[in-house]
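A.B. asks: The residues making up each chain are set out below.
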Amino acid sequence: MARGQLRIAADVGGTFTDVAVFDEVSGEIRLGKTLTTPASLIEGMSHGVSKTKASFADARLFLHGTTVAINALLERKGAKTALVTTKGFRDIYEIGRINRPEAYNLFFRKHRPLIERALRIEVDERMDAAGEILRPLNDSELEAVAQRLADEGVEAVAILFLHSYRNPDHEIRARDVLKRLLPHAFVTASHELSQEYREFERTSTVAANAYVGPRVTQYLSEADRVLEKVGFDGKFLIVQSTGGLYDASQASRECIRMLESGPAAGVIGTRELCAEMGLSSAIAFDMGGTTAKAGVILDGVELTANQVMIGGYAEGLPVQIPMIDIEEVGTGGGSIAWVAHGQSLRVGPESAGAAPGPVCYGNGGTEPTVTDANLLLGRLAPDLFLGGEMQLDVEGASRAMSERIAEPLGLTVAEAADGIVRIAVTQMANVVKRVTTARGLDARSFAMVAYGGAGPLHAVLVARELQIPRVIIPNAPGHFSAYGMMVSDLRRDFVRTFFSRLAEAPFEAFDSIFDEMESRGRSEIEDAAPGRLDVAVKYAVDMRYVGQEHAVTVEIPGAAFKTRDVGAIKAAFDIVHAQRYGYASDDELAEIVSLRLSVIGVIAKPQPAHLDAAAQELADAALIGVRPVEFGVLGGCLDTPIYDRAKLLSGHRIAGPALIQEYASITVLPPGDRLVVDRLGNLDISIEA
Amino acid sequence: MTTNRQTPDPVTTEIIRNGFIAATEEMKTNLMRTAYNMIIYEALDFTVGLFDRHGNTVSIGLGLPMFIRGMSETIKAKLRHFGVDGIQPGDVLLTNDAYITGSHLNHMTFSVPIFDGRHLVGFSACMAHWQDIGGTLDGMTTDIYSEGLQVPIVKAWRAGVPNEDILSVIRMNVRLPERAMGDLKAQVAAVRTGEKRFLELIGKYGRPAVEGAIEAIFDHAEAVSRESVSQIPDGFYEAESFMDDDGVDSGRRIPIRVKVSVAGDRMTIDLTDVSVQVKGFYNSGETAGLSAAQVAFKCLTAGLELPVNDGAFRNLEIILPSGRVVSAERPAPMRWWMTYPMTIVDTIFKALAPAVPTRVIAAHHADLVIASINGRQPHDNKLYLYLGGLIGGGWGAKHGEDGMNATVAINDGDTHNGPSEQVEAKYPLIVERYTLRENSGGAGKFRGGLGTEQVVRARHDIMFNAQIERVDCRPWGLFGGLSALGNEVRLERGGIEERFPTGKVLSQKIEPGDAYTVCSGGGGGFGNPLDRKLDDLSNDVRQGYVSAEAAREFYGAVFDAAGRIDRDATASRRADMRRRGLPKDQPFATEDHSSWGGCPYCTRLLQPHPEAQAMAGEAAAAGISRWRCC
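As you go down the protein sequences, you meet chains A and B in turn.
Each residue of the first sequence is one higher than the one before, starting from 1 at the first, in the working numbering.
Each residue of the second sequence is one higher than the one before, starting from 1 at the first, in the working numbering.
The hints are simulated quantities; they were obtained by calculation from the structure and are not laboratory data.
All values derive from a computational prediction rather than experimental measurement.
Just so you know, even glycine gets a beta-carbon here, dropped at the ideal spot from N, CA and C.
You may find that some hints are simply not true.
Said to hold, decoys possible - Derived list of chain A stretches under chain B, where covered just means 3 residues or more per stretch with a C-beta under 8 Å from a C-beta of chain B:
1. 94-101
2. 108-115
3. 191-199
All chains should be built: construct the whole structure from the sequences, respecting the hints.
C.D. replies: Structure representation (structure tokens):
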């Protein structure tokens with residue numbers, strides 16, 4: 001094998017580390033799955049790579065998604081961190097937005113700051129909203145602060161000054177002074193991550209970056225060391241929450257941009273799959289053991305959000321950076337079904353998780369889960385789970401289902417199991433609606449790409465619920481995030497709040513902001529690029545009608561700014577507002593809130609090998625058995641053929657009822673639905689109208 | 001599979017229940033994203049809901065708890081007004097009659113009937129706070145007529161056609177007609193969304209299944225409530241608390257007395273002895289009194305059970321004769337309707353504390369701590385209205401847990417404060433400080449949450465109005481926990497600080513360079529402060545939640561030379577304090593002589609209360625008072 005012909009992607013998740021290796025010469029893709037080793041993530045990863053019999057020495061690109069940052073946040077295992085902030089505002093991080101979403105819960109809890117109050121230090125400086133200095137920053141005060149932080153043994157420092165989105169001078173000076181005086185600390189300032197207004201959200205963002213900073217930096221340098229040891233001399237790139245890539249030096253400054261790398265990569269995988277298949281729009285549906293997630297590709301572009309709450313809406317910490325817009329619900333294979341007050345059937349939000357897991361895993365689980373329900377319906381094979389590595393306990397699952405659900409509700413075991421799956425499916429359908437219907441999009445005009453271990457098992461049912469006509473199950477749905485990494489591009493995102501009425505827009509000021517963003521983006525892309533790349537620049541603005549608060553992000557062709565075409569900008573905004581909220585107004589004034597610019601360094605996509613064409617449409621050669629499967633209201637209990645996905649060829653057609661079995665997943669095709677295998681090996685399913 | 005069971009089955013019911021919750025969440029998001037005034041989009045001062053064809057609540061979006069009855073009672077009134085036959089598809093019914101909605105005139109309440117073909121199957125509704133509804137801009141009101149436009153029950157749309165007469169009456173009577181019409185559009189869009197989702201459920205599962213599921217949702221909520229109440233020991237429980245005053249008779253306390261009885265799985269909340277209606281604008285309609293009782297009941301029985309629906313209250317009886325401060329009669333003024341009901345809720349918790357000590361919570365700051373500001377923009381001289389304050393305050397401690405800091409009062413739920421960076425970009429104001437208020441949480445084994453303090457300096461002339469309560473009558477503790485600091489308002493004009501014995505500081509002109517301060521109270525403590533774990537206390541002191549001085553005075557702490565708590569010395573000091581009956585509670589600011597309690601009086605009183613002034617003078621002369629600010 002020639003040096004530099006491999007592209008290796010490793011997605012380190014909570015349970016498994018998925019590795020995908022693409023050979024750019026042969027077009028072959030190899031996959032590996034190993035258990036994640038929390039103590040040494042890097043080692044687990046290189047073990048996963050060696051399992052695919054690939055060598056880092058042959059790789060040109062190494063693409064990496066990791067949970068190291070999000071775990072440090074969620075498990076509260078970050079650095080000893082201090083906040084340096086504007087006088088009068090050290091408590092803003094603790095006060096937050098004062099809301100109480102669980103309005104009737106007297107035992108509600110607020111978010112918990114990552115930085116204790118004793119380490120939130122004020123300095124006497126102040127800008128106003130126009131960026132004018134009201135009180136100058138005093139270096140000697142900073143020196144005293146540095147001394148205090150050194151005495152406290154602080155490892156990381158976050159800096160947030162009011163209105164730094166408008167004028168970052170004070171933050172820059174404070175950062176430079178503190179870096180100089182605290183050479184071993186991780187120092188980060190809010191404007192480096194977000195130049196959007198909202199001081200609580202920006203504080204929370206920079207605090208999270210500082211909190212995970214030392215740990216992420218250490219992780220990345222360990223990765224560098226390991227990669228060097230194994231002879232890797234290509235480019236090491238990390239996946240951001242936008243699904244775009246950045247290099248290790250950028251990642252070790254802007255650590256929180258990698259928070260949601262795995263889920264984001266899945267959506268990018270969906271985007272590229274759509275491109276290969278000639279689809280302009282799709283819903284990305286990802287279901288695992290504990291959650292189901294949905295994202296959207298619209299006209300070839302993934303939808304993004306400008307803020308996310310890490311740890312949920314009620315108690316979470318906001319992070320104000322662009323991310324792929326992903327909605328999530330705590331419904332997964334492990335979700336527990338229970339009977340509330342003797343009469344109501346509920347699914348979740350409790351999950352059996354990985355331990356004890358569903359009853360059928362035989363690890364001490366006693367409460368029936370969605371996975372148990374699927375097993376009892378015959379949709380999961382007790383002896384084929386994880387390629388037969390794990391035998392499932394049908395009897396135990398049946399007993400638990402009977403005692404805990406079916407008997408109390410006066411249902412049969414099959415009715416109870418079918419009911420649980422149907423309830424789980426509507427919960428997941430609601431999460432898909434949150435990214436489509438709630439954004440003014442009609443789910444019925446989308447195809448759905450389903451992946452994750454449990455995605456293919458439920459995808460068709462979710463699609464039926466939403467009248468989605470077409471479902472695509474990609475190759476290796478359990479490794480889809482790793483695939484997404486392999487087809488991603490380098491990306492840098494910039495945003496700056498600049499309040500201005502559209503009619504009075506200071507275009508010259510906009511030009512210079514955009515130019516600055518673009519030249520910074522281009523040089524950063526160049527630094528990270530594995531060779532020369534085509535670079536694309538995307539412009540967007542956050543806009544609203546005068547008087548509204550919530551702005552929508554509107555992508556605008558760069559030319560509209562160059563030609564000062566106020567009418568075109570307004571029209572683009574009206575269209576987005578009408579689509580999202582059902583109305584727009586030509587004659588109402590609009591206002592610009594923030595300017596956005598993304599610079600994308602396009603990396604050539606791998607060209608996967610095509611599947612051999614089948615000699616006939618009939619897929620009998622892949623048939624491995626027949627068993628009774630309960631389809632409930634979709635047709636009752638039917639003898640259902642089971643096909644081995646590895647044996648399916650391009651052009652094979654299968655009509656439901658059928659199950660398609662593969663290593664870590666199973667696709668359920670109910671009666672009435674039809675499937676064709678395309679030349680790339682995707683299962684392309686048409687849902688009965 | 002057998003299908004010979006009666007409909008609806010538990011699976012379909014659960015699917016429809018999820019559908020209703022998702023629909024009301026979507027309505028909420030929709031309105032929040034499209035509204036034109038920050039009271040809706042930021043404070044989330046609105047609620048949306050879906051109702052059965054009789055107007056009973058099926059699901060309310062989690063907005064403001066105290067709107068729990070408003071929409072349902074309004075729909076029922078609309079049904080009475082038009083009759084079932086007087087309502088057509090495409091109608092949009094509107095009113096802001098405060099005596100029906102149980103709030104103030106700012107709450108425009110829209111509902112649309114939902115028809116499945118010719119059958120009326122339910123209603124979709126939304127009540128939301130308009131920034132202005134006319135009426136006097138500053139000061140106190142003493143009847144409803146000075147509070148703005150009253151819209152009786154009308155059809156804003158008749159069978160799909162806008163009623164331009166009504167809309168133009170509204171436009172002419174409000175100060176910011178464009179904003180108002182924007183909010184109107186957003187509200188109608190939200191109720192239309194609810195209508196659409198309701199009909200989708202019917203389209204998918206059929207009318208009988210949906211109606212059956214609604215009954216099942218009610219029945220389930222009822223079962224949960226009955227089971228919960230049956231765990232409360234039977235008995236008669238009562239409690240009393242006070243409001244500072246009604247804003248007209250300054251300093252005259254207003255009694256809030258509640259009686260609760262529990263028998264088996266039923267509860268009765270009797271508000272007969274709550275004060276009669278008052279002269280100032282703190283009254284509210286009967287709907288608000290019912291809401292207060294239901295909110296307290298819901299919190300104590302099944303706070304996390306969704307959707308919030310009327311089945312949950314079938315075992316609750318509420319006794320509320322008319323003419324009380326929460327069942328006031330026309331023309332009582334109602335602009336600040338939301339304040340008293342919050343203290344009623346806390347008082348119900350207080351009454352039931354001996355019965356269910358693990359479910360209740362000590363009192364909270366019980367006020368939105370709002371500052372109503374108006375002024376003119378320096379660049380174009382246009383009027384602006386700014387809802388200042390809304391800073392969140394302390395919540396009561398409870399069994400096993402400290403109270404929450406800086407959280408919005410119980411009238412509101414998912415209400416947000418506004419970012420200071422946004423305030424300063426929009427208005428000629430500088431937010432100088434927004435911090436936690438040290439020592440404001442009531443001392444206790446479990447400490448009450450901390451209140452906050454916000455200082456805002458004007459860069460231009462503004463008019464300032466605070467309508468804040470519970471300045472004197474502080475949030476109480478439970479089971480030996482102490483009272484917290486109350487709410488407070490201060491002004492700084494011409495470099496001189498002014499403090500007030502009351503939170504009703506109305507029609508005050510503030511000039512460039514002057515500042516106002518609003519402080520929210522803390523939450524009451526739970527359990528004897530001398531039982532607080534020393535690790536917790538030591539952390540309180542490290543973080544500055546409790547000063548070393550307060551740790552000594554209220555928690556019996558003794559510090560060594562290095563500033564660490566001396567465990568042995570503390571134990572003996574605590575024993576000594578117990579013998580002497582310390583620490584003493586200070587439930588009223590006017591009787592508080594502690595050195596850290598702030599100064600409730602001074603010579604620069606706006607409406608000096610003679611009694612209070614005399615007391616302050618005496619205390620100062622006797623050398624008791626160390627708390628003078630003046």
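A.B. asks: Could you check the structure against the hints above and give me the numbers of any it violates, in ascending order?
C.D. replies: Hints that this structure does not satisfy do not exist here, as all of them hold.
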